[in-house]
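These protein sequences, in sequence, are chains V and U.
So the mapping is simple: the numbering used here equals the position in the first sequence, first residue as 1, plus 2.
So the mapping is simple: the numbering used here equals the position in the second sequence, first residue as 1, plus 258.
Everything labelled a hint here was simulated from the structure, so no lab data went into it.
All C-beta atoms in this analysis are idealised placements derived from N, C-alpha and C, irrespective of residue type, glycine included.
Treat the hints with care, since some could be wrong.
[Said to hold, decoys possible] Simulated restraints on C-beta separations:
hint : chain 1 : residue 1 : chain 2 : residue 2 : range
1    : U       : Glu-322   : V       : Thr-103   : 36 to 44 angstroms
2    : V       : Lys-59    : U       : Thr-368   : 34 to 42 angstroms
3    : U       : Ile-341   : V       : Ala-4     : 24 to 32 angstroms
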Amino acid sequence: GAGVSQSPSNKVTEKGKDVELRCDPISGHTALYWYRQSLGQGLEFLIYFQGNSAPDKSGLPSDRFSAERTGGSVSTLTIQRTQQEDSAVYLCASSFLRGGTDTQYFGPGTRLTVL
Amino acid sequence: AQSVTQLDSQVPVFEEAPVELRCNYSSSVSVYLFWYVQYPNQGLQLLLKYLSGSTLVKGINGFEAEFNKSQTSFHLRKPSVHISDTAEYFCAVSADTGNQFYFGTGTSLTVIP
Chain V
3 GAGVSQSPSN
13 KVTEKGKDVE
23 LRCDPISGHT
33 ALYWYRQSLG
43 QGLEFLIYFQ
53 GNSAPDKSGL
63 PSDRFSAERT
73 GGSVSTLTIQ
83 RTQQEDSAVY
93 LCASSFLRGG
103 TDTQYFGPGT
113 RLTVL
Chain U
259 AQSVTQLDSQ
269 VPVFEEAPVE
279 LRCNYSSSVS
289 VYLFWYVQYP
299 NQGLQLLLKY
309 LSGSTLVKGI
319 NGFEAEFNKS
329 QTSFHLRKPS
339 VHISDTAEYF
349 CAVSADTGNQ
359 FYFGTGTSLT
369 VIP
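With the rest of the complex left out, here is chain U (with noise of 0.2 angstroms):
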């Protein structure tokens, strides 16, 4: 089975300056990972995601995540945020056999003014 760690339940950060969201994963098998964003009062929606290629993966909004295997990670990142992204982002993790999504517990990203 996967798992999805998300360290930090919740990070504040002043607008303009950079972000990094942790993600890791534990797999016994390939993997394809996720970043979903819940905006206040809206459904998840897909922020980005690696299957395979370039572990570098760029994404709405100006975010970016970089899938590093040795480490079994996927940080998020984005250098510089606005108000708009205050949300709730989780990090997602499926095998490249089975039919499950495996969910971190998600990552408060409030940007203060």
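One chain only, chain V, in its complex shape (with noise of 0.2 angstroms):
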């Protein structure tokens, strides 16, 4: 079956401006996490949705990150006035169940610029 989408692939941005990333996982898991690469950085955690329960968003950085997931499927993630630290490669994961046992699947990620 289809594994987790993302789009834009690329996206290039003006700093101060705001930007929109999708997520689309796979049908059916409940659980779905955004990460953030940076170069030379491993995998930061963002935020982390379960089912209907409310969202873990302690990793996002500053309040100019959000991100929301539609009937339990499709996410977005907002960056807000872009500052040209928030350049990265934005990656979503899901999975079956709970995220703490269960293997994530990784889209392959949108790379932001900001100029």
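Hints are included, so try docking the two chains, each in its own frame, into the full complex.
As structure tokens, then:
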């Protein structure tokens, strides 16, 4: 079946603009993660959705970052007033069950460049 | 909180030679451990994971890892590498409580013909 998809694959924006990144998880997966991968860094946890529960937003770096997951499926990560330090690859992952033990399936990522 | 250290950022190795990629973690609670691989121009995929039971875990493509609780390590090994193993390898840890995964900074494995 189809894997996790993300769009756009590349996004170039000007400093101060808002951007929206989209993630389509694998159908039936209840858990969804967003990560940020900066050059030379590991994956930085941003936010976690599990079913209809309140999301775990503890990894969001500032209030400029927000995310939502509509209908328990598609998720959108929004970055407002982008800064150059927001440049990174943003990865989405989904898993069938709660994330602690279950395998995560990653999308190809969105490469964000803030000029 | 948990953290993961991958000391080797780059590991070059000749084809058919053995390789070990090191991973150490810190945690005050029980953990689950994972290795993910990212092939060039592809997304991350699970290589293997340790949840409980036998400390020696076998994964895909001939890789294996051993959980060592006393040394808080989860090193990845392969007895004979192939060109196709060239990729970025990430070690990750999660706790049996909470939702977060903590990833290391990755080890770039380059297999030399």
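Evaluated hints:
1. U:Glu-322 to V:Thr-103: 36 to 44 angstroms: Taking Cβ atoms as reference, Glu-322 (chain U) and Thr-103 (chain V) lie about 19 angstroms apart, which means the hint is violated.
2. V:Lys-59 to U:Thr-368: 34 to 42 angstroms: 37 angstroms, holds
3. U:Ile-341 to V:Ala-4: 24 to 32 angstroms: For Ala-4 (chain V) against Ile-341 (chain U), whose Cβ atoms are near 29 angstroms apart, the range 24 to 32 angstroms holds.
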